[in-house]
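Quick note: to get our numbering, add 9 to the position in the sequence shown (first position is 1).
Please keep in mind that the hints were generated in silico from the structure rather than gathered at the bench. Just to be clear, a hint being listed does not mean it is correct.
[What the hints assert, rightly or not] Simulated restraints on C-beta separations: (1) K47 to V232: 40 to 50 Å; (2) K47 to T236: 39 to 49 Å; (3) A57 to V139: 32 to 42 Å.
All C-beta atoms, glycine included, are put in the ideal place defined by N, C-alpha and C.
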Amino acid sequence: MAELDLTLGAIVISTLFSFLSTGITLTGTWSYYSRFTKDNWAFKLLVAVCLVLTVTDTVVGGYWCYTWTVTHYADPNRLLNWVISLTFTIQVSILGFVSLFVQIFFAWRLWIVTLQKNFWLPGVIVCLAVMAWSVIMWVTSIVATHHDANELGVVLPTAYVWLAGSIAADLLISLGLFYYLYFRFRQRNIHREMKSINTFKAIIVRTVQCNVLSLVAQVTTIVLFTTQVGYYYFLPDFTISKVYFFSLL
């Protein structure tokens, strides 16, 4: 029973959190298109693309859960050798593209916040984002061509490079935006705006604006992956693309 909790149970719980996070992003998307009708078409297109990718990620995750718990229940060879190669490939690819789009957007935003004077920090962030995306595409190709789950260990050393690069990009984004928005360019209008809302909402706004949610999700992935928690390390994997998308909104 404990083994089922750490395998099937972990996939079911991860899927439920995936559905929950998708509902949140759908609400955020509706709010964005309703409130910012005059926004630049490029921003609207970026939101639309990320929405399609994250919804697809959710559907694929639900398919994974249904296959493990219903269609091929109690058939470990079928589950490990086919379902993982199919669903995991799609989900990892989607995560790679969503994280790349969002991190490049935040790098551009950081460049604007610095009054277009700081080129090196956004440049480093873009390089890290592209590096992480390249590694994740390589991981996807390995997963797609190795249908035996026992052979997937070959991606682990390189996969850590992806996680490290992505976390480094998120960390630079968060620190850079915190520094420039709330220390370097404190202006009276910012204080008046923050005084008009309560402290708790102000913390949420700052957290989302500075990409901290994505950073926390990435760190959680590493913590769960390196500890003995069964398949619960899929929990952030099933939700992290939605976290990136939500931080974009």
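Now the hints, each set against the structure:
Taken as a hint, the range 40 to 50 Å holds for the pair K47 and V232, whose Cβ atoms sit roughly 42 Å apart. With their beta carbons about 47 Å apart, K47 and T236 fall inside the hinted range of 39 to 49 Å. Checked against the hint of 32 to 42 Å, the pair A57 and V139 fails, with Cβ atoms roughly 22 Å apart.
Of the hints listed earlier, the one the structure fails to meet is number 3.
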